[in-house]
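Colleague: With the hints as extra help, turn the sequences into a complete structure.
Going down the list, the protein sequences come from chains A and B.
Heads up, the first sequence is in this note's numbering, so the first residue is 1 and it goes up one at a time.
Heads up, the second sequence is in this note's numbering, so the first residue is 1 and it goes up one at a time.
Hints should not be assumed to be uniformly reliable.
[To be verified] One-sided and incomplete, this derived list gives chain B residues near chain A with beta-carbon spacing under 10 Å:
no., residue
1, R3
2, E135
3, L139
4, A164
5, E176
6, S181
7, A185
8, A190
9, D209
10, K210
11, G212
None of these hints come from the bench; they were simulated from the model.
Ideal placement from N, C-alpha and C gives every residue a C-beta, glycine not left out.
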Amino acid sequence: MEIDIGKTIRISDFVCATDGRALVVDTTLPGSLGATSGLEHVAEALRQITDIADGVIVNPGQAEHHADLLGGRRRASPLVRVDWSNAQRGPDFCLPASQFKHLFISDAEDVLALGASAAVASLFLGFDDDAEAKNIEALSHLARECYRLGLPLVIDVRPVGYKVGPGNFAESIKLGVSFMQELGADVLIIPECDLATCATIGGWIAVPVLLRLAEIPDAGRAEEFLKTGLRGFVLGEDIFARQGYTGRLAELADHLHGRSGDDALAG
Amino acid sequence: MTRSPGKAARLNRLFNPKDGRAVCVAADHGWMSDVTPNVMELRRILELVVRGGADGILISFGTAVRHGHLLRGKDSPAMLIRADWMNMPRLGASNVSNVLPVVNFKKMATSRARDALLMGASAITIYYFIGYSDEFEALNIEQAADFAKECRKVGLPLIIEPMAVGGMVTGVNIAEILIASGRIAAEIGADALKIPYTGDVKTFKELVDKAGVPVLVLGGAKSDVPRDALELVDEALRAGAAGTVFGRNVTKAKDPQKMVADICALVHGGKTIAEILGERRAVGQRLKPVPAQCVGCLLCEVACVRAHSPGYSQTRARLRIESPQLGDELRAFKPVVCTLCGQCVEACQPGALTIGPEARLVLNKSLCTQCGACVDACPFHLIFTEEGYPVLCDLCEGDPECVKWCKRGAIVLTEWKRRARYVHAE
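Modeller: Structure representation (structure tokens):
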């Protein structure tokens, strides 16, 4: 695949140029739910992980407020989320969502000015047809803009709509990654799924695919996924609520990049 | 925290670099709500606010064109431009300011950040309504994001004003919604927040901590007595707020200049409310409502009646619970209780009413002429008469039943400070 030098340089900020792997942490859920457990103080949380992770997904506001904690040598690169949705507002939230909403809160030029190494946006699958079509239209425009600016586009495939159930979950993921590869995504994020699905995707999709996990996997579990051809992990906001997550994150980084745990902690 | 040089410079104009705090006045009501004297006399009020020493004044674009020259000079208040418009004060028929009612809640972006920058503004302010509907919130998020992008581009600070409004907002969830909305606004790109008080120090502190950007508390509807407004400021500061954006409590005050100066004394001067109001030492306790905790169960009213007389007629309660109204910033039930403000005592010419040594209202029937002045003077309309004599809250002789029965803590006891000017007897 041929991509321009801007994208090449910026992708290498968070997908290791040597081993092609990436460890990314997502901190953007508070953009929809308010501060989640462990992410009450963003700066504190970022300080804990910036020397360990390869990239951190942040909302535009936090990318601006905490630019001093991200990017540069041996620190996690900022990957800025350009969209917002209420899809995660369940019944336990103080204002549960009754109607799915997804919209764009930033654009490629804006996040490039914020120092981002990539723009991140979601493809929601399983909601009504209009929502899906609008989502694809918006992502297509974003992909063209990113191409023009040499900015990598990371697409977060989220089959979470009411049409998706256990029977079509895996196929929905495959559909999503197929669409997004065709659309021009540079990196894909897929939700946690079975190893067979991971293997199909890992062996077929040409761009790096990262697996979203709610918990930090141990080395054995991580290796199972990596053997399928996936290139790394995106860890969700839940990890910040766990005790001792930095140590486990460092172990995962070590395993992913073949470093010793001490090396990973030392950056 | 990192910010562009433009934003940093302009925020330094708004927030006093010595203490990081700001006292702002919102004077944009004529842009969205009723035509009241404070709207019609805006120029005079703005002059007084400037003299009072405000750090910032929130005005509409049109006001900036007409009266922006009042903000000339290095030590003048920073200009904050209201960059959007909404019709919330006119929503529904129950609002007193509802001259021309509207049915559909609307909010429009009306100025660009660049327009405000060229006007000399130090920031723009926009609303973020949450709780009305998913559709309306999405529109608000979209507009806020557009403003955030443009503000980043031109280096102008963005102040977002989250407002929990709508049928999904109750007294039970309002604090939680405000806490979440403050953080969401910061994630979108707010450089500071203008936000209603949650009702108590604990939840407001949580809001401030989780927002991660400077928080300015707004005053909402005009308080019946200035002390209440100052207490709100005091509590917000204790919770970590970076200052205030008070509107009607200043622009509708008898003396806007003094009100601003009093708030400045609290925010910047480190003065206590007692020092500002010339009060003496604390001698007791008084009731304090916490609307965010009230669910409108009315147990307090029943307990009050039962404590003083047989029967359950709540019309004879010495407190009341007000239901939420459309247009209220805090869509919550509101306990209205005697706060020992002393206005009834001041109004009682014969001196029949006093605040006794145990910090309770005491009626000397032998001195009472049944003139009714105390009934008229009560700013909360809590005093009524029986056989001609006023019936008042006596704090149940120091152990108020309403406090005991309210398990949610919507009515609590707080320190009461005696004010020298209305004490008739010790």
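Colleague: Any hints from earlier that this structure breaks? Give me their numbers in increasing order, please.
Modeller: Per hint list: zero violations.
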